[in-house]
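Novice: Here's the letter readout for the chains.
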Amino acid sequence: MRLRVVVAAALAVALGVMAASAGASSGHQQANKLTVWLQVDAQSGWPDVVAAANQAFQAQNPGWTVNVQYQNWGDHLQKFDATIAGNDTPDVIEMGNTEMTAYMTSGAFADLSASKSQFPNSDHWLAGLAKSGLYQGKLYGVPYYAGSRVITYRTDLFKKAGIAKPPTSLALFTSDLKKVAKMEKGVKGFSAMYMAGTDWYSALDWVFDYGGTIATTHAHKWVGALNSKQSIAGLTAYKSFFNAVAPKSASTLDEANPAPYTVFSQGLAGAILGPAWFSCCTGTKYKAVTGQFVMPSHVAGKPIPGFLGGSDVAVPAESGNKAQAIQWIADFTSTANEQSLQNKGNIPNATNLLGNTVNARAAAQSWFVPQAKHWVDVENGNILRTMLAQILTGKLSVKQAATTASDNIAYTLNQS
Amino acid sequence: MASAAETTPKWSRRRRFTWRHVGQGAVPYALVAPVVVVMGAILGYPLYSLVRIALDRYGLTELIQHKGVYIGLKNFDSVLHDSVFWHTLLRTIVFAATNVGLTMVIGTFLALLLVRISTWVRVLLTSGLVLVWSMPPVVAVQVWNWMINSENGVLNYILTELHFGNYFQHNWMQTPLSQLGMVTTLIVWGALPFVVITIYAALSQVPRELVEAAEIDGARSWRVFLDVTVPVITPVLLILTSLSILWDFGVFTQAYLLIGQPHIISANYLMGIYLFEQGYVNANFGVGAAISILMLVIVAAMSVVYVRRMLRIGDVT
Amino acid sequence: MSVRNARRNAWNVVGVAIFVVMIFPVFWMVSTAFKSDDQINALTPTWFPLHPTLEHFRAALAKPYFWDDVKNSVIVVLVTVTIAMVLAFLAAVALSKYRFTGRKLFIVLVIGVQMLPGAGLIIPLYVVLARYHEVNTLTGVILVYLTGVLPFSVWTLRGFILGIPKDLEEAAMVDGSTRLGAFARILLPLVAPGLVATSVFAFITSWNEYVWLSYFLGTSRQTDWGALMAASTLTAIPVVVFFLLIQRRIAFGLTAGAVRG
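Listed in order, the protein sequences are those of chains Y, E and U. Using the working numbering, the first residue of the first sequence is number 1415, and each one after it goes up by one. Using the working numbering, the first residue of the second sequence is number 14, and each one after it goes up by one. Using the working numbering, the first residue of the third sequence is number 5, and each one after it goes up by one.
Among the hints, a few may not be true.
Distance condition first, Cα-Cα at most 20 angstroms in a straight line; then the derived SDA-like pairs of lysine to any residue [said to hold, decoys possible]: (1) U/K108 - E/S255; (2) U/K108 - E/R321; (3) Y/K1602 - E/H176; (4) Y/K1602 - U/K108.
Hints in this document: simulated from the structure, not taken from any laboratory.
All chains should be modelled from the sequences, with the hints used to inform the complete structure.
Specialist: The structure is reproduced here in structure tokens:
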């Protein structure tokens, strides 16, 4: 028996060793290997851009391999934290522009100020985007791309409803949508505009349109501003817009489940609000009748302020390959790549590259979140989503919901 | 070498062999060592770091510096003074009690059913249960998402078609109560197979003669169940209930994924979610570690009875 | 028809109804894997895709890492189960057959480990793997699963061993043979169904953990639900077959220690 047990155990160990050697890449920093973390948006949206960067990098650094790993927005920060704890960080990481501040203030990234001139078009970086990568005057994040929000709509439905050109004010837009809704009344599940109720990236457009904001600083302390008169006016306007043209069943949904373009592709939406690259996925059936325009403000002739989303790329402070990481980033944000990104519906990182795309026009009027260390906690705590759900379901009045949210935001941002 | 005259069985001729007479020696320790070594190698550091970090202020900055700042029991203090902790604890206890109750009641009923049905139905149902059991929780969450989503979920469709009312695009995840209710259906569904199969196995240990004797005496099936069956399967029911309490109290993955991060708020926190949100999502690792230890203490306290019983069973005499 | 038969038929109907309800999510998963995207997103559900499409399976198979993933998951689960059975059996024998100082402590530890909140261990576990340079390697994953599978396996095997009638064991004792020798010849065959049952539990637990762990710790590749669904169904089949074959033996072992206790 002893022999049998020993043989069995040896077999198991042997299998284990075989498995280890046959398995995926080992964890320790191998020489001449660059680990890059990008989001899945790049994997599905512009894989050629990534390939071009890798090619250029490898030409300059023969013998080096680039290991690109794609992450999800939902959990990439927890994974990043784990690699920091394990001394196992990637060499390059893509960060959302709202995520940068918390990590910059904690010292997670390497100071790239000395290498700024290495990055293409660094003198013309988009101000709004570049700001998110700066802390105390030093450069920690290189702007990668930005995106504003536009209306993607069904040109055939708008034409059929007698709408000749894109509306120039919110009031006109609302009445246009009502015409489309009336026309498609018989289609079950159709809504003139599909919006996820808790999509704060879209909803807060109204707040900023009426002159409100999320939070301001007074004597080094954050003060919530969602319950100011202007913000409340904006939220009230959002509520009436939503009730007029969007489906009630979407009051508490978020913007990922379902994705607005999925609803569009099923023929159940006349218009959706989102990044310009939404046009990629409106389905084969409606591809030919998909159009985009900039959403108008309640003030005629102006665009509504849109959320300037975007990503930076940073180099974790613990990386052992900083020089190569900087080179890779330079290759990744090359002029050619940025042009390519623009062609796919994004905003490039420099003003001298901006074309007259609908996206660029929308970006002319934009808003951004408070640059605070604990802003990420506000997002993770779903404070804004809760407020919107309470408003749209009527659980709380606009004033009550806004005040609660305002207080919560101030409390969160003022944590040490 | 056996001679033809030896007709009595070999074992009755030697002296009574008992384990007690075997030398203690190093053998048991050698047998237990591999498990201890593997568990120690993997869990040793995490447990040590859990305790150490719980006594530190350990946020993102400390993570990056790989060094915490010692603050004694302050983390425990802030957690125990946080009303969210107490509300979450109460909610989790109610959640666990509901899940365990449903699992055990439905599980017992299904096990009893398995006894009473024809073989082919029993094979069908058992195969079905095993298929359910072998579905990974992450996959099950995705399927649940497809079935209950408000936009085009099949659940709404079935309910509307069967004239239970107008459930067109009804949102099953609108309030914390309905969210946790949906999580409950998922958990109970996934937990039933193991419970049913184990109770069914225990039922097959109930002596048939006793049951038949009671039935012949004219006892109603309810009485037969209570007086004959239950005493025999009680130990198994106790074990299953204790295990279920343990598992359902610490539920995290299914709840977190089904509700979805954008909809997680303190009103629908379960202890596992609370731990993950405070400790990891908010990068407050010291507090997270403190909550982990508190959870461990609470679960251990709830399991004292179970552990005592387990220690008594099979005591070498 | 006798009352008994009528009763039985009534219960049969209930049994089939419950089967349909329990199995529905599994059925939904399988049928979705064969539906086209339009059918999946449509407002009116398609019950049985009349024109089943293999596009999801084809897409999954075409992905560069598909066969690697399959190979890796099979290796990981098989190695974990094998090592776990060997180690757990040895420990279970010690627990049920020997009296030694520290026995109760070991039992408390085995039970206690199962009480650790999993969510709290994610990062420390990652750190441990990183220290040993075993992140993203199969060995690292196997070691982590072992910690999840071992306690329960030790416990279950102990129950099975306790359930073996003492006289059967002692019957095996022959003068001059070692105790361990007796194990091989008598205990092992008797405990074999218990070993099989426990390895089924370990298999299922490891398979479930694999999906969870690769979701939280491993590299993210856009989860291919079609492939995942297919793999889940395929692995379920041998498990079901195993189970039906050894059902009766499991009954005995699972409850032995407890019922007699």
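Novice: Each hint should be assessed against the structure and marked as holding or not.
Specialist: Here is how each hint holds up against the structure:
1. At most 20 angstroms may separate the alpha-carbon atoms for a hinted pair to count; U/K108 and E/S255 meet this at roughly 19 angstroms.
2. For the proposed pair U/K108 and E/R321, the alpha carbon gap of about 10 angstroms is at most 20 angstroms, so the pair holds.
3. Between Y/K1602 and E/H176, the direct Cα distance comes to roughly 18 angstroms. Compliance with the 20 angstroms bound is thereby established for this hinted pair.
4. Under the criterion of a C-alpha separation no larger than 20 angstroms, the hint pairing Y/K1602 with U/K108 is inconsistent with the structure, at around 65 angstroms.
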